[in-house]
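Chains C and L, in that order, are what the protein sequence lines are. Read in the numbering used here, the first sequence has 232 at position 232, and its numbers run on one by one without any break. Read in the numbering used here, the second sequence has 4 at position 4, and its numbers run on one by one without any break.
Everything labelled a hint here was simulated from the structure, so no lab data went into it. Please note that the accuracy of each hint is not assured.
To be verified - Result set (SDA-like, lysine to any residue): computed pairs, CA atoms no more than 25 Å apart in a straight line:
| id | chain 1 | residue 1 | chain 2 | residue 2 |
| --- | --- | --- | --- | --- |
| 1 | L | Lys160 | L | Ser17 |
| 2 | C | Lys344 | L | Gly20 |
| 3 | C | Lys401 | L | Arg45 |
| 4 | C | Lys281 | L | Gly87 |
| 5 | C | Lys401 | L | Lys37 |
| 6 | L | Lys37 | L | Ser17 |
| 7 | C | Lys401 | C | Val360 |
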Amino acid sequence: MSEKDLDQLKKEAAEKAKAAALAKRQAKLTGESAPQQDSKPADKPEVKAPANDDDDLAKRKAAAAAKAKAAALAKRAREQGEAAPPVEAPAADAGDDDLAKKKAAAAAKAKAAALAKKAREQGEEAPPVEAGGDDDLAKRKAAAAAKAKAAALAKMKAQEAGGSAAADGDDAKAKAVAAAKAKAAAAAKAKAAALAKQGGSDAPAGGDDEKAKAIAAAKAKAAAAAKAKAAAAGKAGAEEAPAAPAAPAAPSPNQPYLDKYVKVIEENLGPDVLEDYYINKLSKDVPTLVVKRDTYFKLAQFLKYNERLGFDYLSELHGTDFETHMEVYVHLFSYKNRQSVALKVKIDREKPSIDSLQPVWAGANWPECEAYDLLGIQFTGHPNLHRILLGEDWVGHPLRKDYEQYDVEV
Amino acid sequence: MLRTEEMLLNVGPQHPSTHGVFRLVIKIDGEIIKEAKPVIGYLHRGTEKLAENLQYTQIIPYTDRLDYLSAMTNNYVLCHAVETMMGTQIPERAEYLRVLAMELGRVASHLVWWGTFLLDIGAVSPFLYAFREREMIINMLNELSGARLTFNYMRVGGVKWDAPEGWIEKVRDFVPYMREQLEGYHYLVSGNEIFINRVKGVGRYTKEDALNYSLSGVNLRSTGVKWDLRKDEPYSIYNRFNFDVPVHDGGDAWARYQLRLAEIEESLKIIEQAVEQFPAEGEILAKVPKIIKAPKGEAFVRIESPRGEIGCYIASDGKKEPYRLKFRRPSFYNLQILPKLLKGENIANLIAILGAIDIVLGEVDG
């Protein structure tokens, strides 16, 4: 699946860069940029040609080793006459070369700038970016190519129409920022990128990256509306942007803690204690354990008294009626390790009953009374379970979703 | 020999020293308390139940009525929970306004405690001084929010009103004034031998008890646990300010007295720095949708209120009302240890022990 996506990405990136190169060349020749689509068949030689120029000034400075490698590969490819899939072959070769990869990543931004500059001077320079990008993973490649293209197009437009230059420049800048962010997130999986491509909005909440991306996309779109030519740039921007939401897939800073808890628990209590465990991203990344009902008390005791866990403080305990089941949520804290954990247990809704934690943490006393009062959860082993807020003559448990008021006048 | 009988005594629900409606049924033998049973719920308004039918912004005024001595922190904890779920970025200026409001509230809250605690144990005039200073804070918060106690000031994404002209200067001038008064307080009360003898060693508990009974805030720090969520799990912009977390290892009412006054000083430090760093202009509300919808899922956040750790749990099904809202109310948790503290105590210490815990019944009862 992911390999397929990689190929797809590679192909798209190649096509885009090619189209851009051709457009630029035409612009140089005719003083006008041509639509990108009709250039496809003609551009095979273009991909190779620039490789010869690689020894030139600006680019060499920018891309150094990665570039040289790409050039060599491109040359070799030309010699062998296998230029048809220009992306494929170098990628396979360069894939092993970590050094080149790293360098390419580091130089990608500078490269884009240099390229844009060069593009102003000679129209044929765009494709080499792709050749250089070949060293990398498909995503990075796509991002680099799109970025270079955007920059080149913007510069080209600046040449053509001095009036709209400023706005386009901003546009390109915003895109470059988005691309840089995308690059930072390049560690994420290609799968995530593909998903994001299909629909960026489906991705989990993204914070800054997404915002930046949205801005970049919006700007790109505005530009597209202004100019028919800019539409191509807008697309490039929109396409490079979805690479950004890969960031949320990064592991949580609390992941090691969760792993540790689960490991310690499974080592000592066996594998059948936990129903589920995860990092709750919505709740400040708190490690969350969902424990089986039967082992709830045992686990709670273990969490408090185990030396490596030491959750000596019960911060919060309450119940929730989820209609399909009842749930007790406990937030524990270890003053020794300065770490939190959320403990959850699902219980039957019709006859909700669960062991009391009062013998473990005295602080669970009143909260359990409250949960009993408002939700009807029976805490077995509680020394004095009573209606703490409403009074003993109250009928029903108000926080249950099926609660009906006994006396409507109250 | 004089024969004594055990006797049941009701303290409250209407009793000036309970600071609200709180009832304590105590069994006494002579002057010694054999057993104490707190009865709460007189002020239960079902905030959590009501919230299930309210939009997030509509819930904010209800939070004012939980801990009504420090409504700003309650406002904040709800907004903070929703913002955490939504991943909202709060504008700078709004963050500073929030911190200023919360810290002023903290000073006001500790002032009320200081005045009423001393009133409870027989010193009348400190109460008047404390309320004089508190009135100034309330006036400032009134100018900011339009209400004296139930502010309804914060919103998901920022605050409702910008600081009026000259408000920041007023706050700035208040800091040195308050410092001077605080010195006076110490001069008036803290060195008084009668007072010290009255509170020293009263209501003592250990660090282990404090943790076991889920105490938080000053009640926990008075046993030597250095833990303040503003410092240790920084929220808002508290990591930008220089301040200490006062701790004491006495574990008694005297320790808690000293800590609360020390906390006023620390809050003044924060206010001073916040005024200094206060951005000249900027948004006070982030770009949030008109109708706030927390994403599907659940979150629990906790912050430091004057009374301890106030938390807010939200379970959302993606609608504009919470599916379930729960407040972790520090006074409710802190009060649990009372029966243990009272057992075997002299009845004369009852009020001192209860007062030193610093409860607000609106918060205990939810």
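Each hint tested on the structure:
The suggested pairing of L/Lys160 with L/Ser17 is violated, with an alpha-carbon distance near 35 Å, which exceeds 25 Å. Restraint check for C/Lys344 and L/Gly20: the C-alpha separation of about 34 Å exceeds 25 Å, so the hint is violated. Straight-line distance between C-alpha atoms of C/Lys401 and L/Arg45 comes to about 18 Å, which keeps the hinted pair within the 25 Å bound. Distance hint between C/Lys281 and L/Gly87 is fulfilled; the C-alpha atoms sit about 10 Å from each other, no more than 25 Å.
For the proposed pair C/Lys401 and L/Lys37, the alpha carbon gap of about 31 Å is over 25 Å, so the pair is violated. For a cut-off of 25 Å, the pair hint linking L/Lys37 to L/Ser17 stands: about 16 Å separates their Cα positions. Restraint check for C/Lys401 and C/Val360: not satisfied, since their Cα atoms lie roughly 30 Å apart, outside the 25 Å limit.
The structure fails hints 1, 2, 5 and 7 (numbered hints given earlier, in ascending order).
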